[in-house]
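Trainee: Given the sequences, and given the hints that come with them, work out the whole structure.
Quick note, the sequences are listed as chains A, B and C, same order.
The first sequence lines up with residues 910 to 1214 when you count with our numbering.
The second sequence lines up with residues 24 to 321 when you count with our numbering.
The third sequence lines up with residues 7 to 355 when you count with our numbering.
Keep in mind that the hints were calculated from the coordinates and are not lab data.
For every residue, glycine included, the Cβ atom is placed at its ideal position computed from N, Cα and C.
The reader is advised that the hints may include incorrect statements.
Here are the computed distance ranges between Cβ atoms for each label pair [said to hold, decoys possible]:
(1) Arg-940(A) <-> His-112(C): 21 to 29 Å
(2) Glu-138(C) <-> Gly-65(B): 34 to 42 Å
(3) Ala-1104(A) <-> Gly-160(B): 50 to 58 Å
(4) Lys-180(C) <-> Phe-37(B): 20 to 28 Å
(5) Val-299(B) <-> Glu-138(C): 37 to 45 Å
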Amino acid sequence: MAALAATSSLAVKPSPHGAGPRVIRNPWWVRAFFMTVALLFVLCFLVLPLVAVFTEALRKGMSAYFHSFTDPDVLSALRLTLLTAAIAVPANLVFGVAAAWCIAKFDFYGKSLLTTLIDLPFAVSPVISGLIYVLVFGLQGWFGPYLGAGDHPWFGAWFNAQDIRIIFAVPGIVLATIFVTFPFVARELIPLMQAQGNDEEYAALTLGASGWQTFWRVTVPNIKWGLFYGVILCNARAMGEFGAVSVVSGHIRGETNTLPLHVEILYNEYNFVAAFAVSSLLALLALLTLLLKSLVEWRAKKGGA
Amino acid sequence: MLLARTQRSVLPGFGLSLGFTLAYLGLIVLVPLAAAFLKTAGMSWPDFWAVASSPRVVASFKVSFGISLFAALVNAVFGLILAWVLVRYSFPGRRLVDGLVDLPFALPTAVAGIALTAIYAQNGWVGQWLDPLWARGIQRLSNLIPWVNWPEFLGVKLAFDRPGIFIALTFIGLPFVVRTLQPVLNELEPELEEVAATLGANRWQTMTRVVFPELMPALITGFALAFARAVGEYGSVVFIAGNMPMHSEITPLLIITKLEQYDYQGATAIAVVMLVASFVLLLCINLLQKWSRRYYRF
Amino acid sequence: MSVQVHNIRKTFGHYTALADVSLAVKSGKLTALLGPSGSGKTTLLRIIAGLEYADPGSGQIQFHGEDVTNVPAGKRKVGFVFQHYALFRHMTVFANIAFGLRVRRHNRPPQAEITDRVHKLLKLVQLENLAERFPHQLSGGQRQRIALARALAVEPKVLLLDEPFGALDAKVRKELRRWLRQFHEGIHLTTLFVTHDQEEALEIADEVVVMNQAKIEQVGSPQEVYDRPATPFVYEFLGNVNVLQAKSLANSGTPSSLSALQAGGHIYVRPHDIEVVPHETGAPGIPAVLRYIHAAGPQARLTLEQVENRATVDAEISRAELVRLDLRINSLVLLRPRQIRCFAEDYAI
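Mentor: What follows is the structure, given as C-alpha cells:
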C-alpha cells in the first residue's frame, strides 16, 4: 500500500537506464536552464537554512557557542532526548520486525488493511498525535481522572502507588514519540522482506534449523541493512520531533524539555546564539543521518541489501 | 474470517508476530485515535458545527489548506525539474545534492523553522533583498488591481506573514515529489524517447506527449504526499508565520491554542476535521498508486 | 531504398563497438544482422537509424546514395522497432499507431485519413479489433505487431528491427517470424533486423550479415553463409562443427587428406558431413571409439573419441543408418569426412 512518507527506500531497485538516451536529448540551453533552476531551488531551500544554523550559532564567536552547552537546562534536555530515543527506537524496532515477519512471510486476510493501518501515523498531524494522548491520559481524558485522583478501585490506586504521571511528564513524551516514529522500521522492512521471499528460510528449516535459529542466522543477516536504514530514519525523527512532543510536554525547564523544545524556549527568550547552538547539534545529527543513509543506499546498490 | 491465514505455512511465528503487531498497533495507534473520535461523539452536532464553522477556525482552514496547496504545486513544478536534473544530468556534486534532498526529513522541524526565519526575515540574508521587493510588488499589484485586497491575500512581508508559511511548507514538502519521481524516471526506458524521435516527434512533442504522461501518476502522488504533510505541519511554520489570528494562523497552531485554554472539545473537534481530511487524502493516494501500478506495469 | 554504410567507426571510451564497418543493404530485401552479443550489430542498427552517431571523422551513412550521416533520426524516414516494443503505455493501440502522423508539423493528414490509415495498418498486422485496447492488455506477440504497425504508419523507407522476437517465448517466436517473412513478401520494404539466433536469420532473411567483434565476417544468402563460411567464426556460429587436427586427417588416408595436410592447422567438418563406418571394413578413415548415442529426434547424434588424441568428435547419421550399422557403445569405428573446410593457421579463432 501507499507510502505516506514515500521517501527513498532500499527496496527501490537501482536504475536500469540511468542517464537516459544518449543522442536524443534536450538542447543545451534547455539543459542549462533546468540545471540553474534546480540548483537555485536547492540553494534557497536546502543549503541556505543549513548554513544559517551554523553561522547564527557562531555569530558571537566560539566561546559563546560552547558556553551555550554548559547550561544545565540544555544538558537535561539532551539527556531527555537521548532517553526518549533510547526507548522509542528499540520499541519500534521490535514492532517493525514482528510486523514485517507476519506481513511479508505469511498470507492472511486483512493484510493490506493492516499495512495501511501501520502507515496511519504518517497521515496524522504531529499536533494531533500529541492531542490524542492528552485525550487518553490527560486530566479530562479517559484514564486522566484516575491518575493521581485515586478514586478508581484498580487503576487509581495503582497509579497513585507508583506516583505515575503521564501527560506533561516523561512517559507522555515517550509515547508521543513512539507514535510519530511508529511506521519507520516496519515500512522499510516489509517491501524488503517481500522481495527476498521465503526460500532461504525454507532451506534453513529443511536443514534442521529451529525457528529462532532460522530467524537469527538467515533472516536477520539478510535484512540487516534495511533494519539499520529504518533505525537511523526512526532515530532522526525521534530526536527531532517537535509538534507532538510540544503538546504533551508541559514545558518544564530541566524536566520535560527535549532539545527541539528547548530550542523554542531559547528562541522565544531572544537568546539566539544559544538557540542556534542547540540547533547546530540537531543539524549535525541530521547531517550524520543523511550521510549514513547515503552510505547504506550505496552499499545496497553495490551488492544486495 | 479476518486475519485467518489463507494457507498453512511451514515457517513458524505467525501467531506470535501477528499477535504482537496487533496489540502494539492497537495500544499505540488505534486506541488513542479512537479517543479523538469518541470525544467528539460526546459532542452534540450543533456544538461540533459551531466549533468547526467558527470564523477563526474557518480562517485557519483556509490558511492551512490554501497555502499547503500552493506550496505543493510549487514543489510539483520544481521537484519535477530537480528530479529530472538529478537522474538525467551528471555534474560535479550530484550525489551531494541528491543526499541533501532528504534534509527536510532529517532536520528537526523547529530547527528548520528558526533557520528559515533567519534567512527570510527583513534583516536576513535573502530577506534584506527580497522583502522590500515583495512589499513593492504588493503595492504595485494593489494599484493595478485594486478590487482584490492583496496585502491581506499575499501578505506584505516574507517572514512573519503568509509568504513565510509558504516558504516553510515548501521546504517541508520538497523531498516528496523528488523521491516519488526519481525511481519512475530511472525506470523510464530511453527507447520511448527514441521511438518518438524516429516517428518524427520533435523534442517538445516527445516531452509533452510521451515523457510527461509517463510521469503523471508519480507526480500527482508526490504532490498529494507533499500536500498531506504540509497541512499537518507545525514546527517549522510557527516560527516564521507571524501567527496572526484570522490571517496567518494555521490549524495545528489553533488546536494548541485551544488546548492551552483547556478547550479540549474545541481542539478535538478541529482535530477530527483534519483527521478525516488526511484519511481521505491517504485513501486517494492509495487508490492512485494501486491504479497506476496496474495500469503502468507490464 | 538501399542503405550504404561506409567505414563507420564507433567507440565507447576504450571499447570499440564498430571498427570501420562497410555494408551495402539491398533495396527491398529482408536482411539479417547476425552475431553474438557485443558484436556491434545493435550499434550498427542504431547508427543507421540516427539514434547513435558514429565517431567524428569516420565514414558515412547513405540512403539511396544520399548522405544522411548528420540527418536527425526523425527526418531519416526510418521505422524502428525495439526489442521490448517501447509502446506508449498511456495511449491506446490506436493512439500509439497514430502518434507519428499526429506529431507532424507539415502536411499532417486530416483526422479521417489518420483513422483510415491506422485501421488499414491494424488490418495489415491482423489486429483489427484491438484499436481501443491499452498495451498492458495485449500479449507479447500482439505488442510486437503493434510496434511494427506504429513504425510503418509514417511510411518509412527503411524498416529497422532490433531483436524483434527476442522477448517472446519459443512458440510465439516461431509463429511470428514466419509471419514476418510473409509480411515482407507483401510489402517489399527494405528491412534490416538484428538477431543473435542463427536459425532465425537463416530461416527468414534474404541476406545474412554475420558480425563478430566489431567487424563484419561475411555477407551472403543464408545458403552461402551456411555452406561456404568465409571464416572459422562463421563456421562455428552457424550450426555445429567439429574442429579436427589437420594431422589426424592426413594420417587417415581419406581422399581429402592431402589438401588438409597442405593447409595445416585445423579442419572444420559439420557433424552431418561425417560418415561412420565399422572398423572391420579397413577403409581409410580416422579411428575413433563410440562413447554415447543420443537417439531422440530425427537424427541420431553420436559422440566419439578419436583414438589418436582422445579429442571428441560429434557425428549425425540417420536412424536407419544407425540400425544398419548396429553400433555398440565403446565399439571402434572409422570416421570419414565427406566435406571439409580448412583455414590457414592465422585465421584461427
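Trainee: For each hint, tell me whether it holds in the structure or not.
Mentor: Status of the hints after comparison with the structure:
1. Taking 21 to 29 Å as the suggested C-beta distance range, the pair Arg-940(A) and His-112(C) conforms, at roughly 27 Å.
2. As the Cβ distance of Glu-138(C) to Gly-65(B) is approximately 54 Å, the hint placing it in 34 to 42 Å is violated.
3. The beta-carbon spacing between Ala-1104(A) and Gly-160(B), approximately 51 Å, falls within the hinted interval of 50 to 58 Å.
4. The hint said 20 to 28 Å for the Cβ distance between Lys-180(C) and Phe-37(B), and at roughly 46 Å that hint is violated.
5. Checked against the hint of 37 to 45 Å, the pair Val-299(B) and Glu-138(C) passes, with Cβ atoms roughly 39 Å apart.
Going down the numbered hints, you'll see the structure goes against 2, 4, while the others check out.
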